[in-house]
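Visitor: Note that the working numbering has the sequence shown beginning at 15, numbered continuously upward.
Check the hints yourself; a few may be wrong.
[Claimed, not checked] Below, computed lysine-lysine pairings styled on DSSO-like, alpha-carbon distance capped at 27 angstroms:
no., residue 1, residue 2
1, Lys261, Lys235
2, Lys156, Lys61
3, Lys61, Lys205
4, Lys354, Lys74
[Claimed, not checked] Restraint ranges, calculated between C-beta atoms of paired labels, are given here:
no., residue 1, residue 2, range
5, Gly201, Gly159, 46 to 56 angstroms
6, Gly311, Asp264, 17 to 27 angstroms
7, Lys77, Asp344, 15 to 25 angstroms
8, Gly89, Asp265, 32 to 42 angstroms
9, Gln135, Gly350, 21 to 31 angstroms
10, Ala71, Ser374, 32 to 42 angstroms
11, Leu44, Thr345, 16 to 26 angstroms
12, Asp339, Val148, 22 to 32 angstroms
13, Asp52, Asp337, 34 to 44 angstroms
Don't read these hints as lab results, they were simulated from the structure. We put the CB at the ideal spot given by N, CA and C, even for glycine.
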Amino acid sequence: MKRLAIIIATTTALTGAALAADPWDGGDDLPTNPLACDDTPGTVAAKDYDGGQTTGAADKSGKEITLIDIPKLVGVGYFAATTEGMRQAAEELGNVKVTTDGPTEANIDDQITFIDNYVTQGVDGVLFAANDPVAIAPVLKKALGKGIHVVGYDANSDPDAREWFVNQAEFNGIAKSLIDQMAAEIGDEGKFAIVTSTFTTPNQARWIAEMQAYQESCHPKMEWLETVEAQEDNILSFNQANTLINKYGDDLDGIFGMTSVATPAAAEAVTQAGACGETAVVGLATPNAMRPYVESGCVKSVVLWSPVDLGYAAVYVMRAVVDGDLSPGDTEVEAGRLGKLQVVNGSEILLGSPFVFDKSNVNDFDF
Numbered sequence: 015m016k017r018l019a020i021i022i023a024t025t026t027a028l029t030g031a032a033l034a035a036d037p038w039d040g041g042d043d044l045p046t047n048p049l050a051c052d053d054t055p056g057t058v059a060a061k062d063y064d065g066g067q068t069t070g071a072a073d074k075s076g077k078e079i080t081l082i083d084i085p086k087l088v089g090v091g092y093f094a095a096t097t098e099g100m101r102q103a104a105e106e107l108g109n110v111k112v113t114t115d116g117p118t119e120a121n122i123d124d125q126i127t128f129i130d131n132y133v134t135q136g137v138d139g140v141l142f143a144a145n146d147p148v149a150i151a152p153v154l155k156k157a158l159g160k161g162i163h164v165v166g167y168d169a170n171s172d173p174d175a176r177e178w179f180v181n182q183a184e185f186n187g188i189a190k191s192l193i194d195q196m197a198a199e200i201g202d203e204g205k206f207a208i209v210t211s212t213f214t215t216p217n218q219a220r221w222i223a224e225m226q227a228y229q230e231s232c233h234p235k236m237e238w239l240e241t242v243e244a245q246e247d248n249i250l251s252f253n254q255a256n257t258l259i260n261k262y263g264d265d266l267d268g269i270f271g272m273t274s275v276a277t278p279a280a281a282e283a284v285t286q287a288g289a290c291g292e293t294a295v296v297g298l299a300t301p302n303a304m305r306p307y308v309e310s311g312c313v314k315s316v317v318l319w320s321p322v323d324l325g326y327a328a329v330y331v332m333r334a335v336v337d338g339d340l341s342p343g344d345t346e347v348e349a350g351r352l353g354k355l356q357v358v359n360g361s362e363i364l365l366g367s368p369f370v371f372d373k374s375n376v377n378d379f380d381f
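Please model the entire structure based on the sequences and the hints provided.
Guide: Below is the structure:
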């Protein structure tokens, strides 16, 4: 039996399904911008600054600042890696203290509570990766109103609820990479499904929206069977991958997984099904989580930006904001060992292109 599972990951959610035939708006009202089918670079139109502003922030230029980092959840490898990057940046800068805290499940209500508590206690800055872009906005605006600087990374909020957002890669670029990889694995007439976090988790939702637009334009004969949710839950991700395999059988040529928890869980499901070699597993995930499957040959490649660099960049951006070295209208910002990072889409800092981990280099990384 031919069963191909292609799993792409990054991080979360509820059990559920949405047919691909239904319009996919990415959980927001933003238009899609699919790249060209060949390798012609996309263009980014100039856009005015659309971030928020603090009210009455203290002048801490060059002075020590205390930051709190509230990711989607703690206790998973991906956010342990962003935390390590923040630690490295704080150590290099010498005048930053940063602490990571947050919920143990990707729950927006819990995340809001954590942020609100630290806003009440008083910090100089809040770093966050949003579980929900709209729901998190009021508490972030509360922080801005109290003179607390706010910078997002990994998963955005409404733009006016934070000053800047450090984007790991542009959504349409990731979408093109994923769909092209799927087409290479299963052919231009293959059928696929998606395991995501929740339908409204900001980054996964936008990737899927751009994936749909690019696939319909450049690989129109591919068939999208279903999209299911699996949270940041290893067991649920494993079960959802198994369910798709059992439900569609020979009709399922590929599975995209949109979370870093889902990818190794799906690779394990393929392994236990005895489908390695017949079932291709490719995706966004941390190298440590995927190393056993890469070394066994069950997974050929893993795609991800460096979450260590993402956390590192977020702290440097926050320091630049506090020091007055990054202001609305600027086109770049200095970020330590990463050099100058570009400002895109008005108020986003672009980390750069994803990196491919495979058998030749996966042991060179430890996160």
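Visitor: Does the structure break any of the earlier hints, and which numbers would those be?
Guide: Hints 3, 10 not satisfied by this model.
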